[in-house]
Amino acid sequence: MKRKMDELNLRDAFRPMPEGCRDALMDAARSVREEDKMKRTAFRTVLIIALILAATMAAAVASSRIFGWTDFFGGSYGTKVPRAAQEIMQHTEKQGSKTLGGIIFTPHELYADKNIVMAAVEARLPEGEKGLVCGDDPFGIIGANQDNGKAVAEKLGVDPMITWVEAAKQLNVPLYSAEALLEVPFEYYGSEMMSDPMFNEDGSLTYFSVQPLNGKASGERFDCQLYLRVARINLENVDESPSESDYMDISIPLAAPIEKNVTYKVKEDYVSYGMKLDSVYGELTPAGLYLYADFTAQGDMTVEQYYEKGQVMPMWFDENGQPYPFGMNESYIMDTEEWPTLHTMGMISVDSIPDTLVMALEDDNPGSGEPAPRITLTK
Amino acid sequence: MDKDFFVRQIDAHAGMLYRVAWSILRHDDDCKDALQETALKAWQRRSALRDERYFRTWIVRILINTCYDTQRKRRRTISMEEIPEPACPPPDPTLALALEALPEKLRLPLTLCYSEGMSYAEIARALHLPQATVRGRIHRAKEQLRKELDAE
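Line by line, the protein sequences give chains A and B.
Per this note's numbering, the first sequence starts with residue 1, numbered consecutively.
Per this note's numbering, the second sequence starts with residue 1, numbered consecutively.
What the hints contain is simulated information worked out from the structure, not anything from laboratory work.
Careful: at least some of the hints might be erroneous.
Cross-link-like lysine to aspartate or glutamate pairs, in silico, EDC-like; alpha carbons within 20 Å at most [claimed, not checked]:
id, chain 1, residue 1, chain 2, residue 2
1, B, K41, A, D27
2, B, K3, A, D27
3, B, K105, A, D269
4, B, K147, A, D23
5, A, K265, A, E319
6, B, K3, A, D23
7, A, K379, A, D269
8, B, K142, A, E319
9, A, K309, B, E104
10, B, K41, A, E127
11, B, K142, A, D246
12, B, K41, A, E34
13, B, K3, B, D30
14, A, K276, A, D246
15, A, K276, A, E220
16, B, K142, A, D12
17, B, K105, B, D51
18, A, K265, A, D318
19, A, K260, A, E220
20, B, K41, A, D269
21, B, K41, A, E187
22, A, K216, B, E37
23, A, K309, A, D351
24, B, K147, A, D12
25, B, K41, B, D30
26, A, K216, B, D30
27, B, K41, A, D246
28, B, K3, A, E166
29, B, K41, A, D249
30, B, K147, B, E104
One-sided excerpt, in silico: chain B residues whose CB lies under 8 Å from chain A [said to hold, decoys possible]:
id, residue
31, F5
32, D11
33, D28
34, P90
35, A96
36, L102
37, T111
38, H139
39, R140
Built from N, CA and C at the ideal position, the CB exists for glycine as well.
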């Protein structure tokens with residue numbers, strides 16, 4: 001007999017907490033002491049399951065060059081790093097290095113503004129040490145990192161379709177899994193972090209992480225941490241490889257917006273997916289142009305009905321109808337807290353503010369949803 | 001945050017913490033370790049909790065990270081035979097099986113929402129996901145759960 005979803009009590013899917021678990025938890029809680037020192041720095045969470053961008057990377061390996069953000073974004077959605085951001089990243093202040101588990105971590109391209117913080121961190125073995133350094137998945141296929149992975153496999157002389165573990169066994173060298181993830185203070189956290197490694201030709205690794213912020217960061221600098229983790233993989237018994245982790249404090253100059261509150265005129269009514277466009281304004285930062293568009297739900301459409309229509313979000317085009325590349329902050333915000341008003345925020349990659357923009361509120365999933373009308377907006 | 005407040009909060013949220021840990025680890029010994037470690041880590045990092053109203057979201061985030069660490073330390077693959085049968089079955093075993101069949105990325109937000117009553121915004125903060133993603137995952141989780149239950 002079919003069961004009705006609204007009659008289900010999900011808590012009934014769980015048995016009561018066993019006494020042993022409750023005792024362990026409460027004993028630990030009661031064992032703490034007021035005088036126990038707090039960690040000097042604030043707790044920053046780590047996104048363990050990072051959004052993998054591997055499928056979108058297509059950078060070529062250049063001789064002994066350490067990959068940076070322009071390589072990372074080079075093949076990803078056609079996203080480019082605006083000139084102003086490149087300038088900032090290339091002049092990243094030295095943050096020093098930290099050695100953990102036999103791996104030396106050195107941040108080399110950092111960027112922060114109130115909406116995003118980015119870190120490219122080099123992870124390498126000390127001079128003269130033999131071994132392979134892979135990212136967070138030693139069981140990943142080397143060639144899965146597209147051109148970068150294939151080039152590395154070729155340089156190592158192994159089949160790109162084997163895993164890092166298999167490669168290390170074949171080459172008879174130690175294998176290290178290393179990652180360096182941004183952790184930001186709780187009060188500035190925006191949304192899901194993206195991270196991924198690229199493999200440099202000299203055997204080192206560049207670990208990239210992008211953490212969207214909530215727009216509340218202010219002042220001259222943004223202080224945060226890198227969560228570093230290293231595991232030397234036991235090639236004989238790969239299931240049991242304890243990892244070491246530590247934090248590294250970093251401080252990044254907070255880039256100020258280049259131009260704020262640029263309003264685009266909405267000269268005609270625009271309705272798509274039952275949402276009426278109210279206003280559009282932009283803010284240019286070194287990392288790209290943030291576009292804020294507000295809509296109002298028509299009729300009595302509920303927020304659930306709106307979400308059931310799909311991943312409906314504003315898409316941005318130039319005056320010739322060509323889509324703008326996504327900005328480096330590839331997350332977008334759909335804020336429905338003030339429903340029936342919908343606040344959206346997205347980023348496009350441009351060096352300056354366009355005089356004319358074309359917008360369509362449409363389903364982000366290609367080929368799905370109804371065709372959306374477009375509207376031309378001018379400053 | 002003083003110790004009394006901390007212990008009271010942990011006590012009040014113990015059941016929820018166990019269910020979240022179980023959703024990820026599905027093994028009581030691992031849950032026990034993760035819960036213990038979470039309490040100790042949380043106390044050590046209490047300065048990060050600027051507003052005590054967010055205790056629940058904050059502790060869930062610490063727990064989830066700890067569970068993932070526990071998972072990594074554990075053997076990479078555990079055959080079903082290795083997962084011990086719980087001593088006491090859940091009140092609704094059919095629902096439990098259907099929930100188990102969901103991938104973790106759907107099971108966890110669904111549990112936080114419908115078992116623990118967390119808002120989309122709280123879940124988004126706890127799981128490090130945009131709210132839109134949370135909504136989407138919960139929507140998909142409900143659909144998949146319905147299919148699992150229909151197949152029973």
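Now for the hints, and whether the structure bears them out:
Between K41/B and D27/A the CA atoms are separated by roughly 14 Å; this keeps the pair inside 20 Å, and the hint holds. At roughly 13 Å between alpha-carbon atoms, K3/B and D27/A fall within 20 Å of each other, so this suggested pair holds. Between K105/B and D269/A the CA atoms are separated by roughly 40 Å; this puts the pair beyond 20 Å, and the hint is violated. Simply put, K147/B and D23/A have alpha-carbon atoms about 37 Å apart, too far for the 20 Å limit, and the pair is violated.
A hinted pair counts as satisfied when its Cα atoms are at most 20 Å apart, and K265/A with E319/A qualifies at roughly 15 Å. Using a Cα cut-off of 20 Å, the hinted pair K3/B and D23/A holds, with the two alpha carbons roughly 17 Å apart. Of the supplied pair hints, the one linking K379/A and D269/A holds, its CA atoms being roughly 17 Å apart against a limit of 20 Å. A threshold of 20 Å between alpha carbons decides the hint, and for K142/B with E319/A the separation of about 41 Å lies outside it, so the pair is violated.
As the CA atoms of K309/A and E104/B are separated by approximately 25 Å, the hinted pair breaks the 20 Å bound. A distance of roughly 36 Å separates the Cα atoms of K41/B and E127/A; the hinted pair therefore is violated under the 20 Å criterion. For a cut-off of 20 Å, the pair hint linking K142/B to D246/A is broken: about 38 Å separates their Cα positions. A distance of roughly 14 Å separates the Cα atoms of K41/B and E34/A; the hinted pair therefore holds under the 20 Å criterion.
Taken as a hint, the K3/B and D30/B pair is broken in the structure, with Cα atoms around 25 Å apart against an allowance of 20 Å. Pair hint K276/A plus D246/A does not hold up; C-alpha atoms about 49 Å apart against a cutoff of 20 Å. Between the alpha carbons of K276/A and E220/A the distance comes to roughly 38 Å, so the proposed pair goes past 20 Å and is violated. Restraint check for K142/B and D12/A: satisfied, since their Cα atoms lie roughly 16 Å apart, inside the 20 Å limit.
Pair hint K105/B plus D51/B does not hold up; C-alpha atoms about 28 Å apart against a cutoff of 20 Å. A threshold of 20 Å between alpha carbons decides the hint, and for K265/A with D318/A the separation of about 16 Å falls inside it, so the pair holds. Straight-line distance between C-alpha atoms of K260/A and E220/A comes to about 18 Å, which keeps the hinted pair within the 20 Å bound. The hinted pair formed by K41/B and D269/A fails the criterion: a straight-line CA distance of about 54 Å is larger than 20 Å.
Between K41/B and E187/A, the direct Cα distance comes to roughly 19 Å. Compliance with the 20 Å bound is thereby established for this hinted pair. Distance restraint check for K216/A and E37/B: the Cα-Cα separation of roughly 31 Å exceeds the 20 Å cut-off, and the hinted pair is therefore not satisfied. The suggested pairing of K309/A with D351/A is violated, with an alpha-carbon distance near 33 Å, which exceeds 20 Å. Between K147/B and D12/A, the direct Cα distance comes to roughly 18 Å. Compliance with the 20 Å bound is thereby established for this hinted pair.
A threshold of 20 Å between alpha carbons decides the hint, and for K41/B with D30/B the separation of about 16 Å falls inside it, so the pair holds. Our distance criterion of 20 Å between C-alpha atoms is broken by K216/A and D30/B, whose separation comes to about 37 Å. Our distance criterion of 20 Å between C-alpha atoms is met by K41/B and D246/A, whose separation comes to about 14 Å. Taken as a hint, the K3/B and E166/A pair is broken in the structure, with Cα atoms around 49 Å apart against an allowance of 20 Å.
A distance of roughly 19 Å separates the Cα atoms of K41/B and D249/A; the hinted pair therefore holds under the 20 Å criterion. A hinted pair counts as satisfied when its Cα atoms are at most 20 Å apart, and K147/B with E104/B qualifies at roughly 16 Å. A least Cβ separation of about 11 Å between F5/B and chain A goes past the 8 Å threshold, and the interface hint is therefore violated. Satisfaction of the interface hint for D11/B is found here, the shortest Cβ-Cβ separation to chain A being roughly 6 Å, below the 8 Å cut-off.
Below 8 Å, beta-carbon pairs count as interface contacts, and D28/B has one with chain A at about 6 Å; its hint therefore holds. Hint status for P90/B relative to chain A: holds, with the closest Cβ pair at about 4 Å, below 8 Å. Satisfaction of the interface hint for A96/B is found here, the shortest Cβ-Cβ separation to chain A being roughly 4 Å, below the 8 Å cut-off. At a threshold of 8 Å, the smallest CB-CB gap from L102/B to chain A is about 10 Å, leaving the interface hint violated.
Given hint, T111/B at the interface with chain A, holds; its Cβ is 7 Å from that chain's nearest Cβ, closer than 8 Å. Because the smallest distance between the Cβ of H139/B and any Cβ of chain A comes to about 7 Å, under 8 Å, the interface hint for this residue holds. The restraint placing R140/B at the interface with chain A is violated, with a minimum CB-CB distance near 11 Å, outside the 8 Å limit.
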